[in-house]
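Asks: Here the protein sequences line up with chains A and B, keeping their order.
With the numbering used here applied, the first sequence corresponds to residues 1 to 331, in that order.
With the numbering used here applied, the second sequence corresponds to residues 1001 to 1331, in that order.
It is possible that some hints are incorrect.
Derived pair list, reagent style BS3-like, types lysine-lysine, alpha-carbon separation capped at 25 Å [said to hold, decoys possible]:
(1) B:K1269 - B:K1318
(2) B:K1317 - A:K147
(3) B:K1147 - B:K1301
(4) A:K138 - B:K1149
(5) A:K244 - B:K1149
(6) A:K149 - B:K1269
(7) B:K1149 - A:K147
(8) A:K149 - B:K1197
(9) B:K1032 - A:K283
(10) A:K138 - B:K1299
(11) B:K1032 - A:K149
(12) A:K138 - B:K1269
(13) B:K1124 - A:K149
(14) A:K79 - A:K147
(15) A:K299 - B:K1120
(16) A:K147 - B:K1147
(17) B:K1283 - A:K124
(18) B:K1299 - A:K149
(19) A:K302 - B:K1149
(20) A:K120 - B:K1283
(21) A:K299 - B:K1197
(22) B:K1197 - A:K120
(23) A:K283 - B:K1120
(24) B:K1317 - A:K149
(25) B:K1032 - B:K1269
Keep in mind the hints are simulated off the structure, nothing from the lab.
Keep in mind it's a predicted model, so treat the numbers as computed, not measured.
2 protein chains.
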Amino acid sequence: MKNYLENYRNKKIMITGGLGFLGSNLAHSLVKVPCEIILIDAMLPLYGGNYFNIEEIKEKLKIEIADIRDKDKMNELVKGQDYIFNIAGQVSHLDSMSDPFLDLDINARGNLVLLEACRKYNSKAKIIYAGTRGQYGKLEYVPVDEKHKMEPTDIYGVNKMAAEHYHLIYNRIYGIRSASLRINNTYGPRHQMKHGKYGILNWFIRIALENGTIKIFGDGNQLRDYNYVDDVVKAMLLTGSNEKSAGNVYNLGSGKQIKFIELVEEIIKTAGNGKIEKVPWPKERADIEIGDYAADFSKIKKELNWEPKVSLDEGLKKTIEFYKRNKEHYW
Amino acid sequence: MKNYLENYRNKKIMITGGLGFLGSNLAHSLVKVPCEIILIDAMLPLYGGNYFNIEEIKEKLKIEIADIRDKDKMNELVKGQDYIFNIAGQVSHLDSMSDPFLDLDINARGNLVLLEACRKYNSKAKIIYAGTRGQYGKLEYVPVDEKHKMEPTDIYGVNKMAAEHYHLIYNRIYGIRSASLRINNTYGPRHQMKHGKYGILNWFIRIALENGTIKIFGDGNQLRDYNYVDDVVKAMLLTGSNEKSAGNVYNLGSGKQIKFIELVEEIIKTAGNGKIEKVPWPKERADIEIGDYAADFSKIKKELNWEPKVSLDEGLKKTIEFYKRNKEHYW
């Protein structure tokens, strides 16, 4: 477990979206070796940023409240960084439809700001971009591999895909080493729990813990693929530390597809609380629903030696335990 | 020839980029039937807009100088339109690399402004989007069909691709009938002739007419596929008038691939002037070069009954004739 962290010893590391779910969990791993971490976060209301996420490790890192869309700030901040974990983003599928300009501004232009900053002021940085399974859209075959065509069903997916392409183009043309992870649905501690617009599994955990009713759209038979956040963090760290990853994209996955309804039953069982109700699909959800999803992660397994270690059972237990203990900081 | 034009009789038609190359040639076809045409153009310096392009038909249409990025203007202009030919754009591959933000702003955000305007004020319009072969990037197989993966080599290609996806998403989710043509290299009358940043074939025609030296990068053996502008205009009109096209993308092509060097020899022969010099690839061109390109256009042939009619020989003659006659308006 320690080897891949050794690459980060004494290095300068920047994490955009650093106070959010993935960013803060990544920081929790990185502080295990001495290194210089700066978390960049715009702390936009209703997004995932939460100071409590880094409460226990705040002495070991710096925080800068800044937006990746801010050219002047990014031009300064990228200077001297060895690694940039580029995670900041608008992450709601539904919000990308109701405000496509905001999604474009953050998820496309914001990433371009970061890349241009690197081109001008630090082309030596290695960038790890948080892409998404949402780039694929409806699948032509399952499990999906990286060669699958991308036809996103919503504006979020289009702009995330565009930004992934920007990273790959800057890698190829300017030699700014960049790699993208097409991240699966991810759950675990330090996710925002105030609404269900993204991170639906975490949202369901909240409902279950409050002994509420979890609404399932349709029959709930669509297949889903979930990763526990620690596994995703490890994938990001392996991608950052392995030179082979530059210019590449990698799927993450669990290898254990599960029906959506069974997942919810598992949450209720583990939480020891909550009920299920099946309701018809609301139009705005049905419009962007992608159907069955399962990822083939053999590429990252082979090239970077990553595979998920945390079972759904174990991950749910850890997650529920975390939120029971820290409820007041997330509810 | 007249049938597909009949669909536009007495209709309201808006053309973005209407004073440019494709837009103005399209207008020249449309005025053959009585219809209400409005050309929208931002007349950005160095872009393709040219009042002379519509000099002979200016009594038959309206012109509005407006930018597709202007929300208020677009919200007003789309009202009541039956057809929107959405052609406006930044079209230089090289400029998209030197100023990626401008390219993003026009080619991604601008198209989103237009689509949002339609969603709010005119969801009945049929939109025909001018996509590009540049969306594919380097080809995995030749000729390329519409199922080929899109991995653009430059920012221009990424943003044009993103905008195509926006159109398809607005078609699927909001029922705004949209179709995209992945337009090939196109040449012919009414193209800007002031620089060679886009429309290289037209630029070479100018050099030949001035008895200058046409510089070929490398050996010039890469395959290219060219369409004469009248064929492209016909494809746009067929796409607009056929309901089957909604939600679809179509390649255009000539069916006659030609080596770049042979094309230049043909220009010199037809112009009766000009010389060739082979020079090494400049880095910024080599970076975004896509290699051989040839398009499979069997989908549009089958579904919309389109095929190119104008041979390279004939097209070059017409083009050279046009510029000889109208030099002062383009040089």
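Asks: Please go over all the hints and tell whether each is borne out by the structure.
Replies: Hints versus structure:
1. B:K1269 - B:K1318: 14 Å, holds
2. B:K1317 - A:K147: The hint is violated at about 43 Å.
3. B:K1147 - B:K1301: The hint holds at about 16 Å.
4. A:K138 - B:K1149: Holds, because 15 Å separates the two Cα atoms, which is no more than 25 Å.
5. A:K244 - B:K1149: Measuring from Cα to Cα gives roughly 23 Å; hence the hint holds.
6. A:K149 - B:K1269: 43 Å, violated
7. B:K1149 - A:K147: 8 Å, holds
8. A:K149 - B:K1197: Judged against 25 Å, a Cα distance of about 30 Å means the pair is violated.
9. B:K1032 - A:K283: 43 Å, violated
10. A:K138 - B:K1299: 22 Å, holds
11. B:K1032 - A:K149: Violated, at about 41 Å.
12. A:K138 - B:K1269: 51 Å, violated
13. B:K1124 - A:K149: 30 Å, violated
14. A:K79 - A:K147: 34 Å, violated
15. A:K299 - B:K1120: The hint is violated at about 44 Å.
16. A:K147 - B:K1147: Given pair K147 of chain A, K1147 of chain B holds - Cα atoms ~12 Å apart, limit 25 Å.
17. B:K1283 - A:K124: Holds, at about 20 Å.
18. B:K1299 - A:K149: With a Cα-Cα distance of about 18 Å, the restraint between K1299 of chain B and K149 of chain A holds, given a limit of 25 Å.
19. A:K302 - B:K1149: Between K302 of chain A and K1149 of chain B the Cα gap is close to 23 Å, so the pair holds against 25 Å.
20. A:K120 - B:K1283: 18 Å, holds
21. A:K299 - B:K1197: Distance of about 39 Å is beyond 25 Å: violated.
22. B:K1197 - A:K120: With Cα atoms ~24 Å apart, K1197 of chain B and K120 of chain A stay inside 25 Å; holds.
23. A:K283 - B:K1120: 18 Å, holds
24. B:K1317 - A:K149: Violated, because 41 Å separates the two Cα atoms, which is more than 25 Å.
25. B:K1032 - B:K1269: 34 Å, violated
Consistency note: the structure conflicts with the earlier hints numbered 2, 6, 8, 9, 11, 12, 13, 14, 15, 21, 24 and 25.
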